[in-house]
Amino acid sequence: MGNGVKNYGRQKIATSPPGEVLLEEFLKPLGISQYRLAKEISVSPRRVNEIVHGNRAITADTVLRLARYFGTSDRFWPNLQTRYDLEVERDRLGSRLEREVSVLAGSARAV
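Each step along the sequence shown adds one to the number in the UniProt record's numbering, with nothing skipped, and position 26 is 26.
Since the hints were derived computationally from the structure, they do not count as laboratory data. Note that the Cβ used here is the ideal one computed from N, Cα and C, for glycine as well. Warning: the hint list may mix true and false statements.
Label-pair ranges, simulated between beta-carbon atoms [said to hold, decoys possible]: (1) Asp74 - Lys39: 19 to 25 angstroms; (2) Asp85 - Gly106: 27 to 33 angstroms; (3) Ser44 - Val101: 35 to 41 angstroms; (4) Leu30 - Arg90: 28 to 34 angstroms; (5) Lys28 - Val101: 17 to 23 angstroms; (6) Asp74 - Arg46: 22 to 28 angstroms; (7) Tyr35 - Arg109: 27 to 33 angstroms; (8) Ser44 - Arg99: 29 to 35 angstroms; (9) Ser44 - Thr72: 19 to 25 angstroms; (10) Leu30 - Ala60: 22 to 28 angstroms; (11) Asp61 - Ser95: 35 to 41 angstroms.
Produce the complete structure using the sequences and hints provided.
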């Protein structure tokens with residue numbers, strides 16, 4: 001699984017894909033298999049496997065199921081997904097973003 005990377009000066013901090021967080025922070029510590037999770041939240045085992053392996057984003061339907069099952073907030077899972085997607089896209093765009101898009105004069109970033 002690839003990780004998005006944040007730059008803080010010289011320090012790089014990896015942003016984990018939500019599927020990796022699901023596996024490493026929830027499933028493994030709780031001793032829950034992907035198959036068991038799928039059955040208990042009423043989704044296909046393939047959906048859970050694709051999320052865990054980074055081949056599928058977490059949809060709103062899955063967000064609500066995971067939040068209820070694990071007792072997290074409804075915002076926890078989409079925040080992970082959005083943060084990861086933004087970091088991956090920021091890395092992909094690189095310096096092109098600064099070259100191709102100027103800051104609107106008078107905006108908060110222009111000050």
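Inset, instruction - Go through the numbered hints given earlier and state which of them the structure violates, listing their numbers in rising order. - result: Hints 5, 7 and 8 contradicted; others consistent.
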